[in-house]
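*Asks:* Chains as they are written, first to last, in the numbering used here: chain A, 1 to 263; chain V, 1001 to 1272.
Note that these hints are calculated values from the structure, not bench results.
Just so you know, not all the hints are guaranteed correct.
Using C-beta positions, here's what the derived DEER-type ranges look like [stated by the list, open to error]:
id, chain 1, residue 1, chain 2, residue 2, range
1, V, PHE1084, A, VAL83, 41 to 49 Å
2, A, PHE177, V, GLU1067, 55 to 63 Å
3, A, GLN86, V, PRO1068, 56 to 64 Å
4, A, LYS159, V, VAL1193, 28 to 36 Å
5, V, PRO1196, A, LYS154, 36 to 44 Å
6, V, PRO1253, A, VAL83, 37 to 45 Å
Partial list, computed: chain A residues near chain V (C-beta under 7 Å) [as the list claims (entries may be wrong)]:
id, residue
7, ARG74
8, GLN77
9, GLU136
As the structure is a prediction and not an experimental result, all values here were calculated from the model.
Beta carbons: idealized from backbone N, C-alpha and C, even for Gly.
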Amino acid sequence: MTDKTFIMSRRRFLTGAAVAASSLPLSGCFDDVASRDSDIRGVLAAANSLTYRVQRQLLDTGALAPEYSASEIRQPQRPNGTVEPQDDDYTSLAGENFRTYRLAVAGLVDSPLSLSLDEIRAMPVRTQITRHDCVEGWSCIAKWTGTPLAGILKAAKVKPAARFVVFTCFDTMENGFDGPVRYYESIDLADANHAQTILAYGLNDASLPVANGAPLRVRVERQLGYKMAKYISGIVLTDTLAAYGDGFGSYWADRGYDWFAGI
Amino acid sequence: MTLFSPPKGPLIYRQTLTTRLAHWLWVVCLFFLLLSGLQIFMARPDLYIGVQSGFAFNNSVLSIGAEPAAGGIAGVTTLFGHRFDTTGWLGAVEAYGELRPQTFPSWMIIPGFRDLATGRVVHFFFAWGLVFTLLFWLLASLVNRHIRRDLAPTRDDIRGLRRDIADHLRLRLPHQRNYNVLQKFSYLGVLFVALPLMIATGLTMSPAFNAIAPWTLDLFGGRQTARTIHFVVMLALVGFVVVHVAMIILAGPINEMRSMITGWYRTDRDEA
């Protein structure tokens, strides 16, 4: 499946709503909806396309996520998901403090980039105290320092055909049939070019710890935590998400979570 | 005219099609919202007051979990610092023939096992359903004057409030065309307070909506407080449904159900 998943008409949504409302209670067993192959799930998941479209309309202005005062930083940023990647390429980079790390920016760009951490730190700096909302339900406030992704995209000269930014990551989540499955995420260009979307290398006035995604993690402040990929190994501009994972656009989207996590 | 004497008056057309349609759409939406909402809550079965969740400090008001106990596990629910053993009901529940660490029993959640992703898909679908139904009902009820004619309490209603409470306490439930004043207040409370609060606190948990309308965070006292209010209003709505269904049964389930399905309602003789 491709990004077409996210495009549907209002009429199809309403028809689907009626179908789902009438058939679900009759089925007597709601557990079927947990299956990715279930037709009902497809209809229900279409509500997320509606959420995405409505929120994109309302967020057209580039509205900022709320930022907080330093007094709201009351605890260390709670790490979640992978907290210590065991992958050889990662541990060897971490062993030498990411001295030879390079961020590759590739795909639908006119000038592919390969940036060292020092080069990234020399780029414009943005610091923001924001609230991290996990899909599980908890929130945590921390201070993030990094460089706006928009600047990197501008330097790479994104081609007009590009629609998504894909973040590939070092951390292996599980072993699939085709070998290790690594974390990956993707966002649209509206979020990628948003003022608060930064590649963060600093957390609470220190360098980003391994548990929180060193050397680089992305902050997408208007979405939930799983969109903010940690341990970024590369950035790819693309017009389709079909080539990655199962094609839903992120490790967690491949596992049934909504690709758009604005709610 | 009371509970134990079935109404013998004329059939009257009491509920319009739009009212009935909206009613049953709400039943479906709220059923799925409740069970998928409890599923979502299981991913973090704690409620906090404030902007964030305290890990290095304590701002939790409710926490449901499992602890090791003699011969297995125990369900422990902590409410405002008071600990309760809720084994079998909350925190540690029977599943697949054994006591397992799970916040709610499987019959209370959709799907019937831990699945946050699916719970969210179901929840947001029916959340849209609830919003559309509420808007549809509001518009129709302004046009057909259902709100002003049937729901807005009159001066006589307010004057008779004390007597209406006494009637309810004695389970004296007259069958009339008009709602009694307690009915009016509870329906108005659900439609104009509880459901809008659910939608507003739900949206306040959305990081994208926070960027659109940051004032909602201030209004509800932070994202985690909004989440707690969302949970408390859910409990209030469950309480409403319990009382609502009890009253239907007490007042005569066949007559009451008929009026919400066909619109026709049999009233007491003395009113006709």
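*Asks:* What are the numbers of the hints the structure violates, in ascending order?
*Replies:* Hints 1, 2, 3, 4, 6, 8 are the ones this structure does not satisfy, whereas the remaining hints hold.
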